[in-house]
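A.B. asks: Each chain is listed here by its residues.
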Amino acid sequence: MQVQGPNGSGKTSLLRMLCGLATPAHGEIRWDGSEIRSLRGGGAYFGTMTYLGHASGVKDDLTAIENLRISSALSGVEIDEKKAHDALQHMGLGGRELLPAKVLSQGQRRRVTLARLLVCGTVLWILDEPLTALDAAAVKLVQGLLEQHLGQGGMIVMTTHQEIEIAAIATQRLQLA
Amino acid sequence: MFLWIIRRDLLLAMRRRADVLTTLFFFIIVVSLFPLGVGPEMNMLRVMAPGVVWVAALLASMLSLGRMFSGDHVDGTLEQMLISPQSLSLLVLGKALAHWLVTGVPLVLMAPVLGIQYDLPTDALLVLTASLLLGTPVLSLIGAIGAALTLGLRGGGVLVSLLVLPLYIPVLIFGAGAVEASTAGLGAGAHMSLLGAFLLASLVLAPWTAAVSLRISME
Numbered sequence: 001m002q003v004q005g006p007n008g009s010g011k012t013s014l015l016r017m018l019c020g021l022a023t024p025a026h027g028e029i030r031w032d033g034s035e036i037r038s039l040r041g042g043g044a045y046f047g048t049m050t051y052l053g054h055a056s057g058v059k060d061d062l063t064a065i066e067n068l069r070i071s072s073a074l075s076g077v078e079i080d081e082k083k084a085h086d087a088l089q090h091m092g093l094g095g096r097e098l099l100p101a102k103v104l105s106q107g108q109r110r111r112v113t114l115a116r117l118l119v120c121g122t123v124l125w126i127l128d129e130p131l132t133a134l135d136a137a138a139v140k141l142v143q144g145l146l147e148q149h150l151g152q153g154g155m156i157v158m159t160t161h162q163e164i165e166i167a168a169i170a171t172q173r174l175q176l177a
Numbered sequence: 178m179f180l181w182i183i184r185r186d187l188l189l190a191m192r193r194r195a196d197v198l199t200t201l202f203f204f205i206i207v208v209s210l211f212p213l214g215v216g217p218e219m220n221m222l223r224v225m226a227p228g229v230v231w232v233a234a235l236l237a238s239m240l241s242l243g244r245m246f247s248g249d250h251v252d253g254t255l256e257q258m259l260i261s262p263q264s265l266s267l268l269v270l271g272k273a274l275a276h277w278l279v280t281g282v283p284l285v286l287m288a289p290v291l292g293i294q295y296d297l298p299t300d301a302l303l304v305l306t307a308s309l310l311l312g313t314p315v316l317s318l319i320g321a322i323g324a325a326l327t328l329g330l331r332g333g334g335v336l337v338s339l340l341v342l343p344l345y346i347p348v349l350i351f352g353a354g355a356v357e358a359s360t361a362g363l364g365a366g367a368h369m370s371l372l373g374a375f376l377l378a379s380l381v382l383a384p385w386t387a388a389v390s391l392r393i394s395m396e
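Protein chains in written order, with this note's numbering: chain A, 1 to 177; chain B, 178 to 396.
Hints may contain errors.
[Said to hold, decoys possible] Only pairs whose alpha carbons sit at most 20 Å apart, straight line, appear in this in silico SDA-like list of lysine to any residue:
| no. | chain 1 | residue 1 | chain 2 | residue 2 |
| --- | --- | --- | --- | --- |
| 1 | A | Lys102 | B | Arg193 |
| 2 | A | Lys102 | B | Gly248 |
| 3 | A | Lys102 | B | Glu218 |
| 4 | A | Lys82 | A | Arg96 |
| 5 | A | Lys83 | A | Ile65 |
| 6 | A | Lys102 | B | Arg192 |
| 7 | A | Lys82 | B | Met178 |
[As the list claims (entries may be wrong)] Partner residues aside, some chain B positions facing chain A, computed with beta carbon under 8 Å:
| no. | residue |
| --- | --- |
| 8 | Arg194 |
| 9 | Asp196 |
| 10 | Val197 |
| 11 | Glu256 |
| 12 | Met258 |
| 13 | Leu259 |
| 14 | Pro262 |
Everything labelled a hint here was simulated from the structure, so no lab data went into it.
Here a beta-carbon is modelled for each residue, glycine too, at the ideal position from N, C-alpha and C.
Isolated chain A, as found in the complex (with noise of 0.2 Å):
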């Protein structure tokens, strides 16, 4: 699913509410039938999810690399040093693993932050502005990495300004006013 809509329309209000970020003044978030709250005491629904927003959440001091892990670990998933290096070799930054972060461009930032797409393993990706910063390859990289999680029966939830087309079984667009 695609949300659109102008600068300041809630795109990422809403993504944020989807993944138990901000609460909902009305209403609630349902995932699988219950409500996200009441199943956050297993982390059930954490599981997963994976929400990729504005800010990068890659550290300046730390390399590559030691980014990927650690931000999967923290969603769960530990990966060995090999898996990452697969992850950011496919994503374009071979031979750029062991750079410390604060020398990477904003683009290859976004790219270091979209790896973890790679090795998550979740069923739902809620991506905010995913293809920012992107140069046109990445951006077909990208658009080949969500084609192919919903070949296989995932579910994503994007905000984009760019226009992209995504082959794929069933799309829908939210347009917010």
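Since the structure of chain A is already known, use the hints to place chain B on it.
C.D. replies: Structure of chain B alone, referenced to chain A:
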């Protein structure tokens, strides 16, 4: 997971040593200023020593509280922690423990050396170090609550001290009291037991409270 967060925070501290060293040097300088200001009256210094060292330790550990969550808040890691399938309390406990390893342990190690400036006898030095060893983790744990509550506020640093310093008072009283009791020949056992009790209580309650505060601050 818990170990990951500790490892990460220690790694970050290693890459940015200046932050760690400022806390330690602040402690050293504050403790060293008193003998210079008061003058070389051994009896007076010996009486003052535990209080001065403990107050300096409180202030030094508070100095670095602002950084406990703010870095993660700015770069979005904190959001990821809030939606982690792992318990947030456990993450907070890990962060508080890392904070203690980085700021508390160096203070504990320096304290006996600094105590010499106050002409403290050997057993008083030992008691002082032991009381700091028990007390400084409490400072980091209680501090985590204050840091979580003031996250993202302007002038949060001053607010943290207003929130947290009153809560530090019992630790200060019993920490400094332990040394005084041992020099007076009463034995430090009772004070140490109370410090240990504070440590256990804050180990259980503080991570949970700080986790709730983080959720409130991040809404």
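A.B. asks: Holds or violated: A:Lys102 with B:Glu218, Cα cutoff 20 Å?
C.D. replies: violated, 52 Å
A.B. asks: Is A:Lys102 close enough to B:Arg192, meaning Cα to Cα at most 20 Å?
C.D. replies: holds, 12 Å
A.B. asks: With a cut-off of 20 Å on the C-alpha distance, tell me whether A:Lys83 and A:Ile65 pass.
C.D. replies: holds, 10 Å
A.B. asks: Would you mind confirming whether the straight-line C-alpha gap from A:Lys102 to B:Gly248 stays at or under 20 Å?
C.D. replies: holds, 14 Å
A.B. asks: May I ask you to test the interface hint for B:Leu259 with respect to chain A, counting a Cβ-Cβ separation under 8 Å as satisfied?
C.D. replies: Since the shortest Cβ distance to chain A is 6 Å, the answer is holds.
A.B. asks: For the hint on B:Arg194, does the least C-beta distance to chain A fall short of 8 Å?
C.D. replies: This hint is violated: B:Arg194 lies away from chain A, its Cβ roughly 11 Å from the closest one there, beyond 8 Å.
A.B. asks: Taking the closest Cβ pair, is B:Asp196 under 8 Å from chain A?
C.D. replies: violated, 11 Å
A.B. asks: Is the Cα-Cα distance between A:Lys82 and A:Arg96 20 Å or less?
C.D. replies: holds, 14 Å
A.B. asks: Tell me if the straight-line CA distance from A:Lys82 to B:Met178 falls inside 20 Å.
C.D. replies: holds, 19 Å
A.B. asks: Hold the hint about B:Pro262 up to the distance rule: shortest CB distance to chain A must be less than 8 Å.
C.D. replies: holds, 3 Å
A.B. asks: A closest beta-carbon separation below 8 Å is what the hint needs, so does B:Val197 meet it against chain A?
C.D. replies: Not OK, violated: B:Val197 not within 8 Å of chain A, min 13 Å.
A.B. asks: Taking only the CA atoms, is the gap from A:Lys102 to B:Arg193 under or equal to 20 Å?
C.D. replies: Holds: A:Lys102 and B:Arg193 sit about 13 Å apart, inside 20 Å.
Hint check: violations occur at hints 3, 8, 9, 10; the rest are consistent with the structure.
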